[in-house]
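> If you want the building blocks of each chain, they are given just below.
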Amino acid sequence: DTGVSQNPRHKITKRGQNVTFRCDPISEHNRLYWYRQTLGQGPEFLTYFQNEAQLEKSRLLSDRFSAERPKGSFSTLEIQRTEQGDSAMYLCASSFGQGAEETQYFGPGTRLLVL
Amino acid sequence: SQKIEQNSEALNIQEGKTATLTCNYTNYSPAYLQWYRQDPGRGPVFLLLIRENEKEKRKERLKVTFDTTLKQSLFHITASQPADSATYLCALPSSGGSYIPTFGRGTSLIVHP
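Taken in order, these protein sequences are the chains called A and B.
Numbered per the numbering used here, the first sequence spans residues 1 to 115.
Numbered per the numbering used here, the second sequence spans residues 1001 to 1113.
Just so you know, the hints here were simulated from the structure itself, not pulled from any lab data.
Values in this document were obtained by computation on a predicted structure and should not be read as measured data.
It is possible that part of the hints are untrue.
Said to hold, decoys possible - Partial list, computed: chain B residues near chain A (C-beta under 10 Å): (1) Ala1031; (2) Tyr1032; (3) Phe1046; (4) Lys1059; (5) Arg1061; (6) Ser1094; (7) Thr1102.
What the hints assert, rightly or not - Here chain B is said to cover these stretches of chain A; the calculated rule only asks that three of the stretch's residues, wherever they fall, bring their Cβ under 8 Å from a Cβ of chain B: (8) 17-28; (9) 41-50.
As the list claims (entries may be wrong) - Pair by pair, the computed Cβ-Cβ distance ranges are: (10) B/Pro1082 / A/Arg9: 20 to 30 Å; (11) B/Lys1057 / A/Lys14: 43 to 53 Å; (12) A/Thr76 / B/Thr1078: 36 to 46 Å; (13) A/Gly16 / B/Glu1052: 39 to 49 Å; (14) B/Lys1003 / A/Ser62: 19 to 29 Å.
The beta-carbon is built from N, C-alpha and C at its ideal position, and this holds for glycine as well.
Given these sequences and hints, build the entire structure.
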């Protein structure tokens, strides 16, 4: 399977714990995006990388959220001190960005439940 | 920033009919607009992109229109099938020159056999 993969698919954690999600993009894609999606809403942009550079992170929901893409390949999204309001689907997408238009390819998502 | 409106109520239609979904946007006019399909528990899947200078675009049973005067896109599925049941999301660049998309909340389509 050469699509975008995300691990784990599901995560249940207790409030206050830290969680980390991994995304493996399509191999030739240079851009990688993280989104959050809650029930009944569309994906909400969080941050993105072009290769290993994080070009936009002002939309991360709080300073408890951080993301890395150390070698320009896979990426991780970490949430520290989780809160119940962090419960959502976290989606990763990748694209081969060459201009203003681009199509994003999404992974299956990681569903987080904070108890 | 861009605001997108999609009908939050589910659209229920009979198999074989044409489904029409609406996406309205405010603020600036985007250079292009995209439609995605999302099944429950899955990530969105890209369907079609239409540019501002294109009035209509087709792909198999899908047709998208883009009216920059009305600030509206219509998404049609002809000869609908139960397998078309899903949520359909509209996405636009979040601002002029940006390729970071803003997504609408999506409209759920239910095709009854």
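> Indicate whether the distance between the beta carbons of A/Gly16 and B/Glu1052 respects the range 39 to 49 Å.
Given range 39 to 49 Å: holds, Cβ gap about 48 Å.
> Answer holds if the nearest beta-carbon of chain A is closer than 10 Å to that of B/Thr1102; otherwise answer violated.
holds, 7 Å
> Is it true that the C-beta distance of B/Lys1003 to A/Ser62 lies inside 19 to 29 Å, as the hint says?
holds, 23 Å
> If you take the shortest Cβ to Cβ gap from B/Tyr1032 to chain A, is it below 10 Å?
Since the shortest Cβ distance to chain A is 6 Å, the answer is holds.
> Please check whether B/Ala1031 passes as an interface residue: C-beta within 10 Å of a C-beta belonging to chain A.
For B/Ala1031, the interface hint holds, since the closest Cβ of chain A sits about 6 Å away, which is under 10 Å.
> Is the shortest C-beta separation between B/Arg1061 and chain A less than 10 Å?
Hint violated; B/Arg1061 Cβ to chain A Cβ min 20 Å, cut 10 Å.
> With 20 to 30 Å as the target window, see if B/Pro1082 and A/Arg9 comply at their CB atoms.
holds, 26 Å
> Restraint: B/Lys1059 near chain A, CB-CB cut 10 Å. Satisfied or not?
It is violated, given that the least Cβ distance between B/Lys1059 and chain A is near 13 Å, above 10 Å.
> So does B/Lys1057 sit 43 to 53 Å from A/Lys14, Cβ to Cβ?
holds, 48 Å
> For the range 36 to 46 Å, tell me whether the beta carbons of A/Thr76 and B/Thr1078 fit it or not.
Holds, since A/Thr76 and B/Thr1078 (Cβ atoms, about 43 Å apart) stay within the stated range.
> Under 10 Å, Cβ to Cβ, is where B/Phe1046 needs to be relative to chain A, so tell me if that hint holds or is violated.
Hint on B/Phe1046: holds, closest Cβ of chain A at ~5 Å, below 10 Å.
> Quick check: do three or more residues in the region 41-50 of chain A have a beta carbon closer than 8 Å to a beta carbon of chain B?
holds (count 6)
Violated hints, in rising order: 4, 5, 8; the structure is consistent with all others.
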